[in-house]
Each structure stands twice: as structure tokens, then as C-alpha cells.
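Make the full structure from the sequences, and use the hints.
Protein chains in written order, with our numbering: chain A, -2 to 323; chain B, 317 to 595.
Honestly, the hints are just simulated from the structure, not real lab data. Mixed in with the good hints there might be a few duds.
With a cut-off of at most 27 Å between alpha-carbon atoms, the simulated DSS-like pairs for lysine-lysine come out as follows [to be verified]:
{"hint": "1", "chain 1": "B", "residue 1": "Lys375", "chain 2": "B", "residue 2": "Lys414"}
{"hint": "2", "chain 1": "A", "residue 1": "Lys264", "chain 2": "A", "residue 2": "Lys251"}
{"hint": "3", "chain 1": "B", "residue 1": "Lys375", "chain 2": "A", "residue 2": "Lys215"}
{"hint": "4", "chain 1": "B", "residue 1": "Lys363", "chain 2": "B", "residue 2": "Lys350"}
{"hint": "5", "chain 1": "A", "residue 1": "Lys215", "chain 2": "B", "residue 2": "Lys522"}
{"hint": "6", "chain 1": "A", "residue 1": "Lys251", "chain 2": "B", "residue 2": "Lys522"}
{"hint": "7", "chain 1": "A", "residue 1": "Lys215", "chain 2": "B", "residue 2": "Lys485"}
Bear in mind the structure is a predicted one, so any value in this text is a computation, not a measurement.
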Amino acid sequence: MCTGINRDVASMGEPLPLDLSIIEGMKFVDPHIHMVSRTTDDYQALYDAGVTLLIEPAFWLGQPRTGLDSFKDYYSSLIGWERFRASQFGIRHFCTIGLNSREANNEPLAEQVMELLPHFLYKEGVLGIGEIGFDDQTPAEEKYYRAQLELAKEANLPVQVHTPHRDKTRGTTRSMDIALEHGLDPQMVIIDHNSEETVKEVLDRGFWAAFTIYPFTKMGNERMVDIVQAYGAENIMVNSAADWGISDPLAVPKTAALMLQKGIDRKSVEMVTYTNALEAFKVAEHIDLDLLNQAFTSDPEGKFEGNTILRGGQQPRLNKGSIIIS
Amino acid sequence: MPNCKLLDPISHLLSNDDQNYLNDCEREIKNSYKKSFIRIFSTLNRKMSSAIQTAVISKPQTESTKTESLIIENWSAVQLIRVWLISLIEDEEKEYVKFIDNLFSYSDMHELAALYSSLPILKYPENWIGRCQEGIRSNIGLVQEAVIENNKYPYLYLDESSWNQLVLKAFFTGKNILNIYGLFERNNQTLAESVVDYIYERYSAKREIHPILWLLAAKFLPDRAVGILSESYEKCSDDSESFILRHVLSQYITLPPTDAGRDVSGNSIEEVLKSYKKR
Chain A
-2 MCTGINRDVA
8 SMGEPLPLDL
18 SIIEGMKFVD
28 PHIHMVSRTT
38 DDYQALYDAG
48 VTLLIEPAFW
58 LGQPRTGLDS
68 FKDYYSSLIG
78 WERFRASQFG
88 IRHFCTIGLN
98 SREANNEPLA
108 EQVMELLPHF
118 LYKEGVLGIG
128 EIGFDDQTPA
138 EEKYYRAQLE
148 LAKEANLPVQ
158 VHTPHRDKTR
168 GTTRSMDIAL
178 EHGLDPQMVI
188 IDHNSEETVK
198 EVLDRGFWAA
208 FTIYPFTKMG
218 NERMVDIVQA
228 YGAENIMVNS
238 AADWGISDPL
248 AVPKTAALML
258 QKGIDRKSVE
268 MVTYTNALEA
278 FKVAEHIDLD
288 LLNQAFTSDP
298 EGKFEGNTIL
308 RGGQQPRLNK
318 GSIIIS
Chain B
317 MPNCKLLDPI
327 SHLLSNDDQN
337 YLNDCEREIK
347 NSYKKSFIRI
357 FSTLNRKMSS
367 AIQTAVISKP
377 QTESTKTESL
387 IIENWSAVQL
397 IRVWLISLIE
407 DEEKEYVKFI
417 DNLFSYSDMH
427 ELAALYSSLP
437 ILKYPENWIG
447 RCQEGIRSNI
457 GLVQEAVIEN
467 NKYPYLYLDE
477 SSWNQLVLKA
487 FFTGKNILNI
497 YGLFERNNQT
507 LAESVVDYIY
517 ERYSAKREIH
527 PILWLLAAKF
537 LPDRAVGILS
547 ESYEKCSDDS
557 ESFILRHVLS
567 QYITLPPTDA
577 GRDVSGNSIE
587 EVLKSYKKR
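Rendered as C-alpha cells:
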């Protein structure tokens, strides 16, 4: 068959056994992951694999919201409940807040959301504006992308830019053109979801280039190894963009392991999976980076507005080997 | 039996109870749709016999059905009845648009599929362009299919950029591309350029390239794309796909006559596409 669209399993390469021992003791940042749609098992797996800090960009919920309050409650959850939930698993949670491109197309609602955004941008845990940019590349998307770039400039915050799946190369170029037109420093802009076709221009123009390791539809991590070998580690970072679709929350640690196995030096691997993201999102302005070297232990007594995940002093770990659930 | 041609494809499946119920529904909707429609529309599935609940139907396309607004292919019977129910609503523009708009806002996914399927027969058609664009953006397969596949509304009412989104989205989400009504009639250079970008991306990622992409970009292939096409053609072992690739490639370079066995010679591109669509 010459077709097979996105799910051509045969072209996915030989499976390699999962052995994360090579990254034992390393720390990782996942700078793009949608934890609101993930389970507690994922939080535990992330922690076990060394992900100590993650960034959750605001996005859509799989279907369009119809009213302002659902945006408000969602943003509140990113700086509230979800942040607390992450802390219970020993993971530091940060987010970016923004009006995503798809929902920018509902202009009457988008106008209201724009008025809401300044209330959230300066909150504890908010690193920047994201994920914003183009999806269908419509005039409405452009209008709110521009408006949010202005907000970012005014607030001096980094911007996390989603690039479109369709017409990607042109959409990526246009996203960068517009950011420069609004006077943003390319080092304040993370261009996300890059591919082999876009990476060169993004790096040449001085932007951060993020790569989403996402099965079937975006980058595979073998291709990612090739990219780091070709372009080096400067200004490059990887993320999982794990969400409600079939995605892999361990994409960052797995890619780090694969890069080491394929002979990429440890310093470069650390840049791509840890330090570059911290630098791009200016995490040091929010937390003393030395603290990241200390264990961030969860407080089993911790409560968020009276609710705790660890109910009734229960052990935080479920014994998966037991048929008994008590 | 409710008096409507629209229900012909399922008439043999309707039990007496089904028919009586639908007759009542028709009367109630015509009497006061504002009072009765939402209840009838939402509860339809559980009111129908199990034969209707599970049936999937198609209406054969012939010369005489060509001018009909709806293309009924692989619809659930309930979807068809819902479209019929929608067709019963009559009101002046302002009231009608407000009511239908609310149906979209509050619908579940099966109701949404029925609403999008009914786009070509909704009254005051210019009002539904925004809804149509939103349907293309949907993430829910059956909703996407209802608007993208076998639907004449996008072909008739969408502007070029929305049309192009529909086609690209169809490739990205693995839709049956040849079910897009008016696919080749509305092809355009901007779309072809986006298609070429997509071909490059698939090629760089070492992923397979859908043969119909080549047809859409056929008139606008840069040298790099011709190279990729040539390589794909060399590697292709499927007869129909090979024919499609050759059809496009021969517009750029002179090809040697095909080897026996990998040719669909004598067939036109239309015939090849027809058989390709069926599989």
C-alpha cells in the first residue's frame, strides 16, 4: 500500500525495550503537557522517570467551549487544583495562559476571553502566554494571536506558539513574521511542534524550537535524535504534548534515553530535555533553580480547598500487584 | 407512513409502531415545533424499534438522484429520521435561525451529526456557514464525517480558505477523500501549495503519501515534489495508486511505457478513481 495515512505501523521502526536505567538520576522538564486530561498513574510515572517540573499550556478541551465561565474555571484550575495535584506527586507545575487558536474563531466569545486574560497572567505559577497561534490560519486566529503578542510584550512574558498541522511550513514562517512585526524578542518566543521542514528557519531566526514527541501524528523520537545530531542542542527542546489523545507522557525521558543510547553527549541531552526549557520560560524568575535539585516531597496532609488526593491517610501508592483495592 | 420521500430508504424497516410514532411527531412539530421538537429530536433513538436503532443505510446514487440536496451514504437510520424531523421546521428567518442555532449549541454528538448532515436542506442557507466551519474543526469523527463527506453544503457555500481547510483536515484525519463532494471542481492553487507542504512533511517524516494528494497538486508541483513523486512511483506496487501517480508524473516527465501487469491501461483516471473509492 502506498497510503495508510497517519497510522502506518510498519514504518514506525523496530521496537526497542524500554530501559530507562541509562537516565537514572537525571532530571527532566516537560515544557508542554496537558495534565488536566491525564491520570494519577501518569503523575507517578513522570516522577519515577525524573520529570520534576512541567509546564501546562492552556488549550482547548477537545470540543469548543460555549461560554466565558468555562474559560475562567479552566484557567483557575491550571493555577489551582491541577497545580496542587501535581505537587502531591512531587512535581512542580507551571502553566501558560492563553486563548488557543481554534477557539479564537468564535469571535464574540474570544473578545470576552481577551478581557479575562490579564486577570490570570500575573498569577503564581503562570510562566507566559500559550499556547496561541495558528490552526486553520484564519483572520480571526491572526487577530487574537496579534492581540496576545501585544499582551505578552506588555507583561514581558514568554510566548508558547502552537504551529498548525496543516500548511505547517507557511504557518510557522507567518507566526514568526508576526511576532517580529510586533517587536518581540525571538528569545521570548517558543515555536512549538516543529518538524524537519521547519527547524532550520526557526533556529536561523533565533527563536526557540520545541519538538513534540507524539506517536503517529507528530515527531517520533528516532527522528528527534537525527535532528539533534544535525542541528545541535542550542535553542532546542522536546515535549510530550500529552493530552486526551493517544500520547506518551514519558516522551521527554524516553527521548533522553534514546539520545544517550545513540551517542549524543550528556550535556546536549540535558539542554534539550531540561535546561533549555527552564531558560526559555524564564523559570528562574519564579523559583530559585537550586530548589529543583532538592526533592519536592508532597505533603500527604496537603489540602486544596478542603480536598486532598490522599484521602484518609491512604498510602500514595496503589499496590498494582494486588487484586484488593482497599 | 409519514408522507415523505426522504424516508424512502428506511420505509421497509419501519414497524407499525415506528410509523405511528413518526406520524404523531410530524403533527406535533407542524403544530408547534417550539414546544415539541427538542424532546422528539433527543429521544428519537429510544422511541424507535431496534431494527431502526441499528440500521445503517445508503441511497444508491443515480443520474436522477444527482440533483437531490442530500447524499445518503452510510447514514444511521436515526440520523436520517432526524434530518427529516429538521426538515419539518418552518418559520420566518429570525425565529428559524435562532432555533436551529440553539439546536447546534445544545446537541450531543449524534444530534450534531444529524444537524451537519442536514446543512444542505436547512432554510436560509447563508446563515450556516459559521456552523459548517465549526463542524470541520470538530474532533469527533462522526461529526467531522457528517460535514466533510458526502455533503453538498461546503461545496456550495464555503469560501476558498474554509474549503481548503476542509480538504486538508480530511487528509489529516484519514477521511475517505473521494467522498468529498466537489473535490476536484473546487481545487485551487492555494490548496495545491498547502498539499505540497504536506507532501514534504510526510516525506521528511518517512511517512506514506496519500495518492490523491498528487492529483490535487498535479498542476503546481515544484521540482522537489516531482522528485518525490518519481521516487514514490518507482516504489509503488499497487495498480490503482501506481496509475494515479503515473497520471500526474507524466505531466512533468516522459515516462517509458509501463510493464505488463502494473498497468491499468485502457482505463481513464475517472474509472481508476471510481474503483479506488470503492475499496
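| task | Please work out if A/Lys251 and B/Lys522 have their alpha carbons no farther apart than 27 Å. | result | Holds. A/Lys251 to B/Lys522 sits at ~21 Å (cutoff 27 Å).
| field | Hint consistency between A/Lys264 and A/Lys251 [alpha-carbon to alpha-carbon, up to 27 Å] | value | holds (16 Å)
| Holds or violated: B/Lys375 to A/Lys215, with C-alpha atoms at most 27 Å apart | Judged against 27 Å, a Cα distance of about 38 Å means the pair is violated.
| Does the structure keep B/Lys363 and B/Lys350 at a Cα separation of 27 Å or less? | Since the Cα atoms of B/Lys363 and B/Lys350 sit roughly 20 Å apart, the hinted pair holds (cutoff 27 Å).
| A/Lys215 and B/Lys485: Cα distance at most 27 Å? | holds (15 Å)
| query | Would the pair B/Lys375 and B/Lys414 pass a check requiring their Cα atoms to be no farther apart than 27 Å? | reply | violated (31 Å)
| said: Hinted pair, alpha-carbon criterion (27 Å max): A/Lys215, B/Lys522. Please report holds or violated. | reply: Holds: A/Lys215 and B/Lys522 sit about 12 Å apart, inside 27 Å.
The structure is inconsistent with the numbered hints 1, 3, although it conforms to all the rest.
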